[in-house]
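> Based on the provided sequences and hints, a complete structural model is requested.
Just so you know, the protein sequences line up as chains A and B, in that order. Numbered by our numbering, the letters in the first sequence go through residues 1 to 280 in order. Numbered by our numbering, the letters in the second sequence go through residues 1001 to 1429 in order.
Keep in mind that the hints are not guaranteed to be accurate.
So, partial list: chain A residues that the calculated Cβ filter (under 10 Å) puts toward chain B [to be verified]:
1. T13
2. K15
3. L34
4. Q49
5. V51
6. V54
7. Q100
8. I117
9. V120
10. F122
11. N160
12. V161
13. A277
Computed far set for chain A versus chain B, every beta-carbon distance over 10 Å [to be verified]:
14. V11
15. P16
16. L38
17. V62
18. A66
19. K77
20. V108
21. L116
22. I148
23. K154
24. P156
25. W203
26. T245
27. P246
Hint data in this document are derived by calculation from the structure and do not stem from the laboratory. All C-beta atoms in this analysis are idealised placements derived from N, C-alpha and C, irrespective of residue type, glycine included.
Residues per chain are reported as follows:
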Amino acid sequence: MAEANPTAAQVVTLKPAKGWLGIDLKELWRYRELIYFLTWRDIKVRYKQAVLGVAWSVLQPVLTTAITTVVFGVLLKVDSDGLPYPVFALSALLPWHLFQLSLQKSSVSLVGNSNLITKVYFPRVIIPISSVLAALVDFGISLVLLFISIAVYKLPLTWNVLWVFPLTLLTVLAALAVGQWLSALNVQYRDVQQMVPFLIQIWMYATPIVYPITTIPEGTFRYLYSLNPMVGVVQGFRWAFFGGTPPDMTLAISSLAVLVLLITGLFFFRRMEKTFADVV
Amino acid sequence: MMDNEYSIFVRGIGKRYNIGAAQQRSDTLRDLITAQAERIGSTLRGKRQKANNLNQIWALRDVSFDVKRGQALGIIGRNGAGKSTLLKVLSRVTDPTEGYGELRGRVGSLLEVGTGFHPELTGRENIFLNGAILGMHKKEIEARFDEIVAFSEVEKFIDTPVKRYSSGMYLRLAFAVAAHLEPEILVVDEVLAVGDADFQRKCLGKMGDVANSGRTVLFVSHNMSAILRLTQDSIVLDKGKVLLRAPSNEAVDFYLNRGLSKLGERFWEEDEVPESSAPFRPLAIRILDKQGQVSDSVRSVDPIRVEIDYELTEDITGLRVGFYLFTTRGEPVFTSFDIDSEELFKAYTARPKGVYTSRCTFPPDTLNEGRFLLGINASSYGIRRYFQDDQALSFSVDASGAPGTHWPESRPGPVRPALNWEIDEKGRV
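What follows is the structure, encoded as structure tokens:
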């Protein structure tokens, strides 16, 4: 063990928590193995005793794409920015699913792990982080669908595809940012977990998933609209794989919104975490 | 701030709980809104009281102590004395409200075995998960994996989901992981209260090894013999304060004789009874001597009477109220319930709400001299335990006049029955 020499052992200080605390990234790094194990647990457990197992992470977006295509593409004939409607919907639904799953899991994560919180110390933020990371694995598998549709519709594949990495990161950070707020609030007010499904529903319609972003008038209104982080992400995804309207300003505004939410979320979380064990 | 030879240094630690918030487990936004409205309302009416102070309790107040490196410290106190809160603060599960402390070295807390076990995962998977949660590195777990499995005795089922384990297997595996954790400071809360006698012995042995291997150990237990075996020094907590810090044998004595009960009678205040015991509410337990006087010291040759007063706030079916009798070393002497007899069992299958006294008498010449401990238990067999306090009351027995006391020796054993000896003389040689 590294701490074999007691004089070199870490010294832990106990004192009352005051006000807003900084974020201890070093400590988070020391606990990286716990993040790994909790993520791994969430993944392992999710599809246990499901006959189709991980196939669900592909089936879900396929089914939603089919439904959306029938309702909005075929019946309502919604404009799809020059793309075939299934491709149009799928390219937005994949990152949306990642966001939705991360948000669902992370907002209830602290309450779901209350047995850990009341018994053992570790930086609490690990819990929402690992539930978001677990959702990322599903997303990674489902990405294969995008490449399949490129082949099926014989669409050109460009270097823009590499944008998928920063865009995924942005989605994860957005989910984490909101997840931190909601999970910490849920510890005290269980109303949050009742609200999350509605929040997600509203959020989905506030994001250009079933309709193209061109529906929203350009200028100030579109900029305000882009404060929704998922607007930039979804628009970016569509453009990266299939072209169409480039994300430009929307993406910049969305990234900024994520940054603000993330930083305030972290501070809020740090402030609340001191009482989690007493309240949960 | 602290000398190198200390691993724990604590000054003036206090922890305040907001019982309003802690007890309504799921405060909802609506509660918050109505509470705010009420507060504003009462402010307007000009009678805003110090409602805050009423809803707050200090679970710990002004707690100061040090523990030297390699020392094992026992923490003694009755339920609600603040022991668990102290361990939670020391293991950083919760922050103190006031005070300051330093811990030197990695802290491993064993507030409950099996923390984070997931029923769907296999034994193998859970060892890694639980180890990581308790603060072990993957490499350490890998290095000790075989040892952990061997200790747990579940080799055959190591790749079976733990939801299929028996509760005994589950506990053994959970304790095995925890026991192989090797932090500089180990914080242990009553883990020995689980499992069968064999397993408890094994756990106690393992704890002894840990305590002897130069680690600093903080150990909370209701089992006084475990405290005496595993620790050199102990602190006695009462109502969140440290009453005494002394060598464990003195501390145990103090706790059992003075700190715990006076004059052979114990009353329960309303705030000492957990809400979970409702509809059963203990009121008092007392020891009465031959004259019917409440007494802390009774004679072995006289009948000894035990009375338990309690209130039922609702009708209860199948309730039995009784006691455990222990020696002060924690060895059980016997257990008895008020409806043990066939006759009373039939007469009291259901008890309507009201106030009751259950009383019984030990026949003369039952107990040996020494100090004894009465624990109270109220339960419906196989359904629910309403209330239990293993150290409700202590009392002394004086053996003067008992069989064999014409020799001034002390006799081992908790009982001293007057046996009907006969001596046959088979003729002379």
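> Give a verdict on every hint.
Status of each hint after checking the structure:
1. T13: holds (6 Å)
2. K15: holds (5 Å)
3. L34: holds (5 Å)
4. Q49: Q49 (chain A) check passes; min Cβ-Cβ to chain B is 7 Å, inside 10 Å.
5. V51: violated (15 Å)
6. V54: violated (15 Å)
7. Q100: violated (23 Å)
8. I117: holds (8 Å)
9. V120: Since the shortest Cβ distance to chain B is 6 Å, the answer is holds.
10. F122: At about 7 Å, which falls below the 10 Å cut-off, the nearest Cβ of chain B leaves the hint on F122 (chain A) intact, so it holds.
11. N160: Because about 38 Å separates N160 (chain A) from the closest Cβ in chain B, which is outside the 10 Å limit, the hint is violated.
12. V161: Status violated, d = 35 Å.
13. A277: At about 4 Å, which falls below the 10 Å cut-off, the nearest Cβ of chain B leaves the hint on A277 (chain A) intact, so it holds.
14. V11: violated (5 Å)
15. P16: violated (6 Å)
16. L38: violated (8 Å)
17. V62: Holds: least Cβ distance 26 Å, greater than 10 Å.
18. A66: For A66 (chain A), whose nearest Cβ neighbour in chain B is about 31 Å away, the distance exceeds 10 Å, so it holds.
19. K77: holds (42 Å)
20. V108: Holds, because the least Cβ-Cβ distance between V108 (chain A) and chain B comes to about 13 Å, which exceeds 10 Å.
21. L116: violated (5 Å)
22. I148: holds (31 Å)
23. K154: Label holds. Min Cβ-Cβ 43 Å, cutoff 10 Å.
24. P156: holds (44 Å)
25. W203: holds (20 Å)
26. T245: holds (40 Å)
27. P246: It holds; P246 (chain A) is separated from chain B by about 42 Å at its closest Cβ, greater than 10 Å.
Violated hints, listed in ascending order, are 5, 6, 7, 11, 12, 14, 15, 16, 21; each of the other numbered hints is respected by the structure.
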